[in-house]
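*Asks:* Sequence:
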Amino acid sequence: MTTKATQPTTAPPSTHTPRTASWQSYVGVGINYVLFALLGPYFLYLTVSLVVMLFTDTWNAIVWWVLPLAAYFYYIKKHPVQLNGGLPSKWVRNLATYKWTAQYFPIRLHKTAELKPDEKYIFVVHPHSIIPTFLTVSMMTEGCEWSKLFPGIELRGLAASSNFVGPIWRQVYLAVGYIDASYESAISALGQGHSLALLPGGEQEMIIAKPGDNSLILQNRKGFARLALETGARLVPVYAFGANDIYDQVPWTRSFNVWLSRKFRMVLPIFYGQWFTPMPRQQPIDVVVGAPLPAPAGADRHKGVPQQGTASAELDALHARYLEALQQLFDSRKSDLGHGDATLQLLGASEGHKSN
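Count along the sequence shown from 1, then add 371; that gives the number in the numbering used here.
The reader is advised that the hints may include incorrect statements.
The calculated BS3-like cross-link candidates involving lysine-lysine, where the alpha carbons are at most 27 Å apart (straight line), are [claimed, not checked]: (1) K705 x K581; (2) K487 x K519; (3) K448 x K487; (4) K581 x K634; (5) K448 x K461; (6) K461 x K449; (7) K593 x K581; (8) K705 x K593; (9) K593 x K487.
Treat the hints as calculated values from the structure; they're not laboratory data.
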């Protein structure tokens, strides 16, 4: 069930509901979910093939692989656009494939408060889920008509540095509007007047994601609150109901991924959806954008540095207020969206490893 707009008819709508799923929706999901799921194994295959080729056909490996890759890596090192506000493409963001993907589940975008275009926001999105493509479809592109619901809010999404290394993959991430998830990159984007969207749960939430579960690794994640304090940006809680319901994980990979996460800050989940394939289940995903918290006080807005001596107390207080706002958003909308029995669990990283 979706919400009805409470604003006058001249105001932007409060909810975007996609059209009924069609054959195009399967094409969209094939591109944005299935292809995404298969790219990891494909890149691993290419890496192994290159290593084998270096020993069996060294000359051709150098000419056709090593030299072009060396030139490419030199170029991206000299042009780190992911650290300087990104390189979004309006054409890519308006591709029909994102609307088709939204129709498949469907993915619906809900607005609960007006946002001013002249203010900076940090949209803190939950849960991470196994593949958080719902963020790309609902907020980073026009798959759910973001610019109509939130006119003037120009977003940059924070993504892991590894997404800006591989050819093609890097270009797609930049075109959609993602930037490197580093402190310097975030500060640069906010300084240029952009708002940010981030998924604080990271690989830890990928490990614990499963259908029907609403556990978040958030108790000890305060980086987004610190960023808000240092820049004066307003925090906005965002919860995607149903984001964990589209895939199951193979249980025996959990311990391996916990180890992998601790050692290398990465995970390799093995998961399946419909018919035990990478095709996700057709379960509704409702992305609810909450009301912004008041702008944090006590920060030097020009230098981006919190006042000395009060930073820790202010950080804890802002983080606590955010957790309360997120809980209120979850509890106020879960019944309307068909998740009346759901319970939000806020965990630390160690608790997450022991849960499920």
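*Asks:* All the hints need checking, so say for each whether the structure fits it.
*Replies:* Right, here's what the structure says about each hint:
1. K705 x K581: holds, 18 Å
2. K487 x K519: holds, 13 Å
3. K448 x K487: violated, 36 Å
4. K581 x K634: holds, 23 Å
5. K448 x K461: The hint holds at about 25 Å.
6. K461 x K449: holds, 24 Å
7. K593 x K581: Roughly 24 Å between the alpha carbons, so the hint for K593 and K581 holds.
8. K705 x K593: Within the cut-off at roughly 25 Å; holds.
9. K593 x K487: holds, 25 Å
The structure does not agree with numbered hint 3 stated previously, though it agrees with all others.
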